[in-house]
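All letters in the sequence shown, in the order written, are residues -25 to -1, 1 to 528 by mature numbering (1 follows the signal peptide of the UniProt record, and there is no 0).
Because the hints were derived from the structure by calculation, they are not lab data. Among these hints, one or two may not hold up.
[Unchecked claim] Just the calculated beta-carbon pair ranges, DEER-fashion:
| hint | residue 1 | residue 2 | range |
| --- | --- | --- | --- |
| 1 | N419 | D83 | 29 to 35 Å |
| 2 | N419 | E79 | 33 to 39 Å |
| 3 | A435 | D480 | 27 to 33 Å |
| 4 | T132 | T363 | 14 to 20 Å |
| 5 | S30 | K151 | 41 to 47 Å |
| 6 | R496 | D451 | 37 to 43 Å |
| 7 | G66 | D480 | 32 to 38 Å |
| 8 | E73 | D34 | 46 to 52 Å |
| 9 | H131 | R230 | 37 to 43 Å |
| 10 | V1 | P37 | 29 to 35 Å |
| 11 | P450 | V218 | 36 to 42 Å |
[What the hints assert, rightly or not] Below, in silico cross-link-like pairs of lysine-lysine (DSSO-like), each with a Cα-Cα straight-line distance of 30 Å or less:
| hint | residue 1 | residue 2 |
| --- | --- | --- |
| 12 | K213 | K417 |
| 13 | K417 | K492 |
| 14 | K41 | K492 |
By construction, the Cβ of each residue, glycine as well, lies at the ideal position given by its N, Cα and C atoms.
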Amino acid sequence: MLRQLRQLCCALLLLLCTGGGLVIAVPHHCVFDRLPRNVGEVTGGEEPASPVTVSVGSDWAPLRIKVFADDLEGLGGFCTRAGEHINMFFGKEMVCQEEDILTEEKVDILENVILPEAAKMHSERLLVRPLDGPLVVPRFREGSVCGKFPVPEEHHTDGVPDADMVLYATAVPTFKPTFAWAMPCATLGPRGRPVVGVINYNPRHIENTSQHIRVAVHEMAHALGFIVTDMEGQALVKREVGVRGRSSVHVVNSRNTLEQARHHYGCESAPGMELEFAPPTRNPAAPGGRGRGAGPGEWRERGGGRILPDLPGGRAGRIFPGERRERGGERILPDLPGGRGGGRGAAELPAEPVRRRERERMLRLRAAQHISASTQAVADGTLSTGTTLTVVEKQWRPPSWLGLMSHWGRRNAKDELMAGFVVSGYYTAITMALFTDLGYYKANFEMAEPMSWGSGAGCALLTDKCVTDGATLYPDMFCTDLSDATLRCTSDRQSLGTCAIYQDDNIPPEFQYFATKQGSRRGAMMEYCPFIAPMNGTGCMDGDEAIMPGSVV
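Work out the full structure, taking the sequences as your base and the hints as a guide.
Here's what the structure looks like:
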């Protein structure tokens, strides 16, 4: 009975509550694609710093993940009191607040709830060819992110028994909108399955809620291989042009992912599952002639040049071909052909030159030719029991298109686990299919979670604009009334909120859905489509009754 009452809370509030004044609930903002790797570029004959070998079985079994949280403050840069000045792990100075302190209660929640529950979600859904013996962890290169994490000496010598994936966890402060971050550190061969990774959970965001567990599941997925460059490396990604007025979108069109995407959206002509693509944009000047500060993923301009924002912590990232570094380490890309700067207003950049498209084609060709024999053997099922593979440090390469991200496009998959912002984070068959298409996982699709966002919406959701002339065909997904302050259920039916719609003079033409320039924020990664954003304290399972009159929580 209590559960039924909880499920009715949203409906009751629709009748009883109006007004604003609540703060929009904070989603986790994943920064995986912006994290510095500090490992260096891949070169043809580069050897790992400390390779080790492992033996792989031939049968498929549930993925065994072991998480070690023995030294949660081992990265340094942690808070002991409010008002203390520290340097965060990525170099940025911060002033500690009370919520940044890692308390005993937070340690207990992280070690006994968040991390084990997140690992369990993956183990229940993914299968691998298990390692026959202990997983010996290689010694990572000095200066790499992974090399900074504390690893017990015996893991380098005796190894970790009964594990197919080892994660080392810390809990030190990071960027405020980011609950956690993770990355893989070592793989079976240069293009094989990740077997060692790291994860850091921001102390200010350690809470015993479903959202905070799902954030860890999301970040662990990156450590397990949900990485756009790895998808490109196996030729799983295709570029589509002219979709919804955009210059281009990128989709995963591999067999299983394509099948699950078409099934979910009810669209047999869907080209694949869209990835998040936020290409560099021109940073328009704010009123008064002053350019506004660059937001996440934005580019700033000086004199027409296109300047890539520094990575978290103020570090300028790696220099890619065609770039140059000037002015204190900032990365400046050459102007586009014809002397133009970076874009048309706030719109996307024009189509890349022919040589960029040729580079993408060659990347696909090389990827198909260079998938390691070990990974191919795993995918083909031709590994024999006792096959020995080399564990090497993860090799990184830039994506073929600047702005291509390791997330599903949020506009089409807002509540999915691998969208770039995590609130509900449903582990759907689409993400499970992607893991299967990588070649070194199988999936237990019986454990797939349904997602209402876009379910059975048809092809028009994927090909047409979310709102046309101020009206939408999808009122359960998008909203259109700027003046309506009524609390309504969010698309995941887990919270209450109001329409996230704002006046914005900088909305690009292809994202203008109303007679006036209004929509959601650019930073929401929704292609400016307005939606119901959750309010703090209004969760139907764990909300604050004081601000939810008429509800039973």
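Against the structure, the hints:
{"no.": "1", "hint": "N419 x D83: 29 to 35 Å", "in the structure": "30 Å, holds"}
{"no.": "2", "hint": "N419 x E79: 33 to 39 Å", "in the structure": "36 Å, holds"}
{"no.": "3", "hint": "A435 x D480: 27 to 33 Å", "in the structure": "29 Å, holds"}
{"no.": "4", "hint": "T132 x T363: 14 to 20 Å", "in the structure": "18 Å, holds"}
{"no.": "5", "hint": "S30 x K151: 41 to 47 Å", "in the structure": "44 Å, holds"}
{"no.": "6", "hint": "R496 x D451: 37 to 43 Å", "in the structure": "21 Å, violated"}
{"no.": "7", "hint": "G66 x D480: 32 to 38 Å", "in the structure": "35 Å, holds"}
{"no.": "8", "hint": "E73 x D34: 46 to 52 Å", "in the structure": "51 Å, holds"}
{"no.": "9", "hint": "H131 x R230: 37 to 43 Å", "in the structure": "39 Å, holds"}
{"no.": "10", "hint": "V1 x P37: 29 to 35 Å", "in the structure": "33 Å, holds"}
{"no.": "11", "hint": "P450 x V218: 36 to 42 Å", "in the structure": "23 Å, violated"}
{"no.": "12", "hint": "K213 x K417", "in the structure": "23 Å, holds"}
{"no.": "13", "hint": "K417 x K492", "in the structure": "46 Å, violated"}
{"no.": "14", "hint": "K41 x K492", "in the structure": "50 Å, violated"}
In terms of the numbered hints stated before, the structure departs from hints 6, 11, 13 and 14, listed from lowest to highest.
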